[in-house]
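Please construct the entire structure, taking both the sequences and the accompanying hints into account.
Take a look at the letters that make up each chain.
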Amino acid sequence: MSELTLTNRRFALGVGIFTDCLKYFAWWIVAGVIAAIAIPLIVGQWADVNMSGWYHAGNVAKIWTAILAGGFLYSLMPTLVAVGVTRREIAGAMGVFGLLWVLAFALLTLAGFLAEHTYYDLLGWSQGIDQETPMPLETYGEVFAFILPYPLTYAVYFTGGALIGAGAYHSDAGWFMFIPVIPVGLALDDLLSKVDPWGPGWLVHFVTGRAEFSPWVAAAVAVAVLAFGVWATRRLIVNSPIRGKAA
Amino acid sequence: MSFAVNLRDVTLRYGESEALADVNLTLEAGKIYGLLGRNGAGKTSLLSLLAAFRRPTSGEVLVGGEPVWENAPIVSRVALVREGGDFDDSDSVKSAISTGELRPSFDAAYALKLADKFELPLKKKVRELSRGKRSVLAAITGLAARAELTMFDEVHLGMDAPTRDAFYKELLAEYMDRPHTVVMSTHLIDEVANYLEEVVIVDRGRVLVHDEVEAFQGRGATLTGPADKVDAVAAGLEVLAEQRLGGTKSATVAALDGEVRARAADAGLEIGPVGLQDLFIHLTDPERTGA
Numbered sequence: 001m002s003e004l005t006l007t008n009r010r011f012a013l014g015v016g017i018f019t020d021c022l023k024y025f026a027w028w029i030v031a032g033v034i035a036a037i038a039i040p041l042i043v044g045q046w047a048d049v050n051m052s053g054w055y056h057a058g059n060v061a062k063i064w065t066a067i068l069a070g071g072f073l074y075s076l077m078p079t080l081v082a083v084g085v086t087r088r089e090i091a092g093a094m095g096v097f098g099l100l101w102v103l104a105f106a107l108l109t110l111a112g113f114l115a116e117h118t119y120y121d122l123l124g125w126s127q128g129i130d131q132e133t134p135m136p137l138e139t140y141g142e143v144f145a146f147i148l149p150y151p152l153t154y155a156v157y158f159t160g161g162a163l164i165g166a167g168a169y170h171s172d173a174g175w176f177m178f179i180p181v182i183p184v185g186l187a188l189d190d191l192l193s194k195v196d197p198w199g200p201g202w203l204v205h206f207v208t209g210r211a212e213f214s215p216w217v218a219a220a221v222a223v224a225v226l227a228f229g230v231w232a233t234r235r236l237i238v239n240s241p242i243r244g245k246a247a
Numbered sequence: 001m002s003f004a005v006n007l008r009d010v011t012l013r014y015g016e017s018e019a020l021a022d023v024n025l026t027l028e029a030g031k032i033y034g035l036l037g038r039n040g041a042g043k044t045s046l047l048s049l050l051a052a053f054r055r056p057t058s059g060e061v062l063v064g065g066e067p068v069w070e071n072a073p074i075v076s077r078v079a080l081v082r083e084g085g086d087f088d089d090s091d092s093v094k095s096a097i098s099t100g101e102l103r104p105s106f107d108a109a110y111a112l113k114l115a116d117k118f119e120l121p122l123k124k125k126v127r128e129l130s131r132g133k134r135s136v137l138a139a140i141t142g143l144a145a146r147a148e149l150t151m152f153d154e155v156h157l158g159m160d161a162p163t164r165d166a167f168y169k170e171l172l173a174e175y176m177d178r179p180h181t182v183v184m185s186t187h188l189i190d191e192v193a194n195y196l197e198e199v200v201i202v203d204r205g206r207v208l209v210h211d212e213v214e215a216f217q218g219r220g221a222t223l224t225g226p227a228d229k230v231d232a233v234a235a236g237l238e239v240l241a242e243q244r245l246g247g248t249k250s251a252t253v254a255a256l257d258g259e260v261r262a263r264a265a266d267a268g269l270e271i272g273p274v275g276l277q278d279l280f281i282h283l284t285d286p287e288r289t290g291a
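Heads up: the sequence lines are chains A and B, in that order.
The letter at position 77 of the first sequence is residue 77 when you use my numbering, and the numbering goes up by one with no holes.
The letter at position 138 of the second sequence is residue 138 when you use my numbering, and the numbering goes up by one with no holes.
A hint or two may mislead.
Stated by the list, open to error - Cβ-Cβ distance ranges computed for the label pairs, FRET-style:
hint, chain 1, residue 1, chain 2, residue 2, range
1, A, A26, B, K94, 13 to 21 Å
2, B, D9, A, Y24, 40 to 48 Å
3, A, I67, B, Y14, 27 to 35 Å
4, B, D9, A, A224, 41 to 49 Å
5, A, V238, B, S130, 47 to 55 Å
Claimed, not checked - Under the rule of at most 25 Å between Cα atoms (straight-line distance), these lysine to any residue pairs were calculated in the SDA-like manner:
hint, chain 1, residue 1, chain 2, residue 2
6, B, K123, A, L22
7, A, K23, B, K94
8, B, K123, A, P78
9, B, K123, A, F25
10, A, K23, B, S90
11, A, K23, B, D91
Simulated from the structure, these hints should not be mistaken for laboratory data.
From the three backbone atoms N, C-alpha and C, an ideal C-beta is built for every residue, glycine too.
Shown next as structure tokens:
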């Protein structure tokens, strides 16, 4: 960080958090990729495969993205303020981190889905994307269309996690806050996945044309949700005092 | 350049309780201050405001002549080091040190030199450090910050006596090399007394005393000599502390005017400076109502 100035600090910090995070979780990410590839191949030894491994990996990734955003923000707040970083800079750095994380994971998910489509084709399997009534992705075009909303979905989950992390730090409730938040969050996620048009599934349905509404409306709603989440998170960060240390 | 500090009518409340009440305080740039106070007096709250860890409920906090809250050019040159430091415990010591590089003024080479001097294991995780080593890590990040206002909040508590001594010497050497404003909050008063230029005593959320150390110590005196003569001169004075060894007695008195000083000299008593700690204990006695 020898070239660090106050002007570029929030960007450098955001990039630094992203690269540190990638390094820290490198083996977890590798394990996730291997699992997404290997599990269908193992299952395929005994039965026909009609589900995408990457569909499940993507679902895990969005929850993980939320936990990561909240956890990093919660633990980094006092450390960063203690080294003379302002809260506005922290909010900006989280934005840079989030953007890079979302892009990286969206690209990884896209690459995973495309590669999977290729070898599923070769093996004569169908790349289903719904647990209850598998809807196969027949062409590469359908794969692209299905992946299209993922960056927004990851961004919504990142922002949601960051909002919870900022709220937890601001409220000083600590980890006790997660006792209600985790089950409520998971239930909400489950509900959103199933209920049209409000779920993370809503984006998929809109963008792939399975819903009656325009994909542009869906994108606009997603951006509005994101904007509100970013605004609320930033406001919480900027107004949070740094807590006293336990004796 | 070092930072001056101004607090104007500052009040800080935590819910219903008042941590600081109408505090007005000016610290000149380029001096070493001792911030003293009993537990819960408001020392940490005061330092938290100066480092923009918190925002006052009312009033104005200026550092280097500017409001400190969310002021990047100022807070990047202000360092508040709390006991045990503010680290990510899962980081290695080396990584925790390099986090300090977010400050444009951070001197990484100096930090690593100090880490070597204080025998800090760079590869260990922060959570694996003993309390003493963790305090050393915190102190190192504070020194290497090369800040214009550096505040140590009981940071040396976990250190053993030789390490504390080495820390004080390093602090002084760094200060002589690069004059800046230093505030040391501590309970080990007599241990740091020789390093301080001014003392600020906070009591029950208010600034009780702000004075130069010598002037402050001049508020009292220690009389030493034959016990009967000490008793005679000290009669009617407020005695803060007494010590007796055989026929020799030493009494610390809160105030010594010219007349009593002359009587003490006539009686052949030795008149010495009063210990900072004795005066501090006296002034913050809950039975007292003010300085």
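* Asked: Okay, which hints does this one fail, numbers in order?
  -> Number 5 only.
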